Amino acid sequence: MDILFGSIVSGVLIGMVLALVALGLTIIFGVMDIVNFAHGEFLMIGMYTGLLTAQATGMDPLFCLPVAAAVGFVLGVLCYGGFVKYLLRGPMIAQLLGTFGLMLVLRNLALLFFGSEDRALHHGLLVGKSFDIGMGIILSATKLATAVLSILSFGAVWLLMNRTKIGKALTATALNRQGARYMGIPTERMNMLAWGIGGATVTIAGALIVNFWSVTPYVGLIFTMIAFTVVALGGFGSVPGAFFAGLVVGLIMEIPGFWDFFQLSFAIDWMADVPMISFKYTWIYVAYFVIMLISPRGLFGWKQ
Amino acid sequence: MALLEVHHLIKAFGGLKANDDVSFVIEKGELLGLIGPNGAGKTTCFNCIAGMFPPTSGRIVFDGQDVTGLPAHEMARRGLARTFQVYTAAGDLTVGENVLVGCFMHTRSRSSAKSKADGILEQMGLKEFRHQLVSELPVAAQKRVTMATALGTDPKLLLLDEVAAGLNPSEIEATMAGIRRIHAELGVTVMLIEHVMELVMNISHRLIVLDYGRKIAEGLPKDIARDPQVIKAYLGERYVREHAAEIGG
Amino acid sequence: MEAIRNALDFSDFPKTDLGVALAVLVFLFCFPFFPHSAFAMATMIQFFIFSLYGMGWNTIGGYGGQVDLGKAQYVGIGAYTTMVCLLRWDIPFWVSMPIGAGLSICWSFIIGYPLFKLKGHYFAIATIATSLVLKDLFEVWKFVGAARGLGILPYKYHPPDFWRLIFKEDVYYYYIIFAFFIVGLLYMNWFRKSRLGYQLRSIKDNEEVARSLGVNVHWAKIKTYAIATAFVSVVGSFHAVYVKNIEPEDTMSLDISILIALMAMLGGAGSLWGPVIGAGVLIPLKSYLKEWLGAAAGLLGIDLIIYGIIIMIISAFEPRGLWGIIEKIRRRRRI
Chain A
162 MDILFGSIVS GVLIGMVLAL VALGLTIIFG VMDIVNFAHG EFLMIGMYTG
212 LLTAQATGMD PLFCLPVAAA VGFVLGVLCY GGFVKYLLRG PMIAQLLGTF
262 GLMLVLRNLA LLFFGSEDRA LHHGLLVGKS FDIGMGIILS ATKLATAVLS
312 ILSFGAVWLL MNRTKIGKAL TATALNRQGA RYMGIPTERM NMLAWGIGGA
362 TVTIAGALIV NFWSVTPYVG LIFTMIAFTV VALGGFGSVP GAFFAGLVVG
412 LIMEIPGFWD FFQLSFAIDW MADVPMISFK YTWIYVAYFV IMLISPRGLF
462 GWKQ
Chain B
1207 MALLEVHHLI KAFGGLKAND DVSFVIEKGE LLGLIGPNGA GKTTCFNCIA
1257 GMFPPTSGRI VFDGQDVTGL PAHEMARRGL ARTFQVYTAA GDLTVGENVL
1307 VGCFMHTRSR SSAKSKADGI LEQMGLKEFR HQLVSELPVA AQKRVTMATA
1357 LGTDPKLLLL DEVAAGLNPS EIEATMAGIR RIHAELGVTV MLIEHVMELV
1407 MNISHRLIVL DYGRKIAEGL PKDIARDPQV IKAYLGERYV REHAAEIGG
Chain C
3 MEAIRNALDF SDFPKTDLGV ALAVLVFLFC FPFFPHSAFA MATMIQFFIF
53 SLYGMGWNTI GGYGGQVDLG KAQYVGIGAY TTMVCLLRWD IPFWVSMPIG
103 AGLSICWSFI IGYPLFKLKG HYFAIATIAT SLVLKDLFEV WKFVGAARGL
153 GILPYKYHPP DFWRLIFKED VYYYYIIFAF FIVGLLYMNW FRKSRLGYQL
203 RSIKDNEEVA RSLGVNVHWA KIKTYAIATA FVSVVGSFHA VYVKNIEPED
253 TMSLDISILI ALMAMLGGAG SLWGPVIGAG VLIPLKSYLK EWLGAAAGLL
303 GIDLIIYGII IMIISAFEPR GLWGIIEKIR RRRRI
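Listed in order, the protein sequences are those of chains A, B and C.
The opening position of the first sequence corresponds to residue 162 in my numbering, with each subsequent residue numbered one higher.
The opening position of the second sequence corresponds to residue 1207 in my numbering, with each subsequent residue numbered one higher.
The opening position of the third sequence corresponds to residue 3 in my numbering, with each subsequent residue numbered one higher.
Pulled out of the complex, with its shape left as it was, chain A reads as follows (with noise of 0.2 Å):
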């Protein structure tokens, strides 16, 4: 039992954060259907960014949020200024495969000046510290303070999208792009926007996941992989769909946990000899498939 509801917390919380990940995905994709291969490096550099942060300042790594935030957002306000805007007038495999040079670069950037060590916090007020809230459940607390700030940030964002008057500008834009520089909103500038929020919010994901997860030049691509299955799974460009979305992912995340659960409680010798463990990533390209199968649109999917 303690496996299965270890499981299940360990599950919902960093699917908060994948929500937070996946987030800026949704946006870009809603408001300029482009799909951007090099998201999980603009999350590698947000947890460059927090670890440095914390390592040079000696603050607590969770303070360093707005940091990686500005730095995520002049990131990808100049990816957009100085690069994506051309690639819009392209077809769709220049839009792809130039992202994905976008990737190759920020990668090996990262390369260049971090080596390729695994890098990893050793300190904070939260590291290494867990509570145990009962029925055999351990937290751990930087799982937990990132999972609450992840939802701080996501209604923050949500906010901005819905009640301020940029943020339903943006909105327009993505719903009826025609019909929103008819009105007179400035699309260019939303797609800028919508640059800089999906690279500030995926800096913050980054700076929170370096709490407890290492990080190497190359940890990008699995996130940018889980962040496409969390949007396809959420609707392509839905806010709100990428929430619920995360928390499914984080769970689909935890299959190796529910595997162990039923090999133990229900003594199924041949499951134990399954390495599920290596396939912890494999169920999330497994679900996107079979996603997008159900529904091309994805399953709270509102865009055309």
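Calculated from the structure, these hints are not laboratory results.
Just so it is clear, the structure is predicted and the values come from calculations on it, not from any experiment.
It is possible that some hints are incorrect.
As the list claims (entries may be wrong) - Pairwise CB distance ranges (calculated):
| id | chain 1 | residue 1 | chain 2 | residue 2 | range |
| --- | --- | --- | --- | --- | --- |
| 1 | C | 329 | A | 349 | 28 to 34 Å |
| 2 | C | 163 | A | 278 | 39 to 45 Å |
| 3 | C | 157 | A | 291 | 53 to 59 Å |
Claimed, not checked - Within a straight-line C-alpha distance of at most 25 Å, the following computed SDA-like cross-link-like pairs (lysine to any residue) qualify:
| id | chain 1 | residue 1 | chain 2 | residue 2 |
| --- | --- | --- | --- | --- |
| 4 | C | 121 | C | 255 |
| 5 | B | 1322 | C | 3 |
| 6 | A | 246 | C | 308 |
| 7 | A | 441 | C | 256 |
| 8 | C | 158 | C | 96 |
| 9 | B | 1223 | B | 1401 |
| 10 | C | 121 | B | 1401 |
The beta-carbon is built from N, C-alpha and C at its ideal position, and this holds for glycine as well.
Mind docking chains B and C on chain A? Use the hints.
Just chains B and C now, with coordinates in the frame of chain A:
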């Protein structure tokens, strides 16, 4: 003998009925016009017949066989060809290659497809354009390309969707002659959607009028032109009331 | 007969193109006679391998416009089939290669049927997902060596072994892959003028129009996907005996899939010469950048940074690739 029979065709998009209980018959060798105000459901009707999407209910019989719900490529193989209102070719096929695609339907051999395509290009007066992209051509020539492409499949029935839209009077004249030639020389039965009245009134043997998805009239062009129902559909209730004397209804 | 005649018929290209192509072929044929380093030889073989991958991708991706970013899974199937056949049952290359192609085609039908219900970005990401699933499976599958992969021990054989393709000198591999290259080029020349080729280009133009012209769009895509797959799988088999050591990471990773698509796109997707030009520019660039900047200067990753920047520039400013630039210049000159 009937080439195409449409029985009680209904096509609904959500709650909106784009076609509501439409029935008609096209005889072999006929030249039939389908008219109606914008949004009357003409193109939807074409799409259902051509298999672009299945009808919600109703039956379509083509050449003696029930073809309801067959996919478009299957309809094309059975001898039904169509043109498109807006020809959006963003790609890199030239005019000649476009026509060739249709010609490949009945043969695998490149040489026989090629010689057939050359013949059609010649007939439609497109020979000089054949190495150009469709998007580079003037509108009139683009419309001819869509017809030529469709003809490559050796159709028994050709559905023409607004082939005269956006043309000037002399081009309309030429298009009209082109359609007559296809109809007479190739023996193709033709059904056309058209807004250009001088063309459709002149050329059609018979007319069908749709309004709000329903068939409101059917008959000879000269009768249709005086049908008060049709005039009402096009010009509104008030016009009919005020000009009752002139119309003679 | 007509098919062979069409494959050999290059008459629709301008004379200058054919002249250049012939000169390049003569150069490629004579290359091993010139003094060269082992590194240059390896780079040339990589060039052939990737131009063939690119040709395969070009059928579905270039002519058909379906952005497939999962071709590496078929490199893997081909390479692993040949490797497993050789190591376990001593089945020679010329038998295991068609078996691998057959397996690849079967797999391509199984996933192609659902895949092609998707369009655009959704399709592209789904191809990545399928490829990664297969890679994850191979990484734990003990029968194929799991993450450590499989290796041929050359001393167990007696090179030159033409049956199993085990050689000491690279020049044998060079001429074998050169022959594959010629066959591939002729096949592509036939393909682009075949019924399927035209149907595919019409699908890329406008699916609705293609359907109305009697093209079974879904089936045409699946068929072409299988052709692309066969190309990649056959070359994957060759790759296995050539490098003699394969693991999931270097045969089936996303980077390989993307590299395959890049060859065609940077050279010019949807043109016969595109993948060849792409591989001809990119492969030497990649290996020499790595050699000079990465290994020699000790700047880890800088080769890939430059490489990435080139990709970014081309995709932003000339998405039709190098061939697109050539055609643009020609068009301007004609007008």
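How the hints compare with the structure:
Evaluation of the 28 to 34 Å hint for residue 329 of chain C and residue 349 of chain A yields a pass: the beta carbon distance comes to about 30 Å. At about 42 Å, the CB distance of residue 163 of chain C to residue 278 of chain A agrees with the hint of 39 to 45 Å. As the Cβ distance of residue 157 of chain C to residue 291 of chain A is approximately 55 Å, the hint placing it in 53 to 59 Å holds. Distance check on the hinted pair: residue 121 of chain C and residue 255 of chain C sit about 23 Å apart at the alpha-carbon level, within 25 Å; holds.
Taking the CA atoms of residue 1322 of chain B and residue 3 of chain C, the gap is about 20 Å. The hint holds against a cut of 25 Å. With a CA separation close to 21 Å, the supplied pair residue 246 of chain A and residue 308 of chain C stays within the 25 Å bound. With a CA separation close to 18 Å, the supplied pair residue 441 of chain A and residue 256 of chain C stays within the 25 Å bound. Between residue 158 of chain C and residue 96 of chain C, the direct Cα distance comes to roughly 19 Å. Compliance with the 25 Å bound is thereby established for this hinted pair.
Distance hint between residue 1223 of chain B and residue 1401 of chain B is fulfilled; the C-alpha atoms sit about 22 Å from each other, no more than 25 Å. With a C-alpha separation of about 34 Å, the suggested pair residue 121 of chain C and residue 1401 of chain B falls outside the 25 Å cut-off, and the hint is violated.
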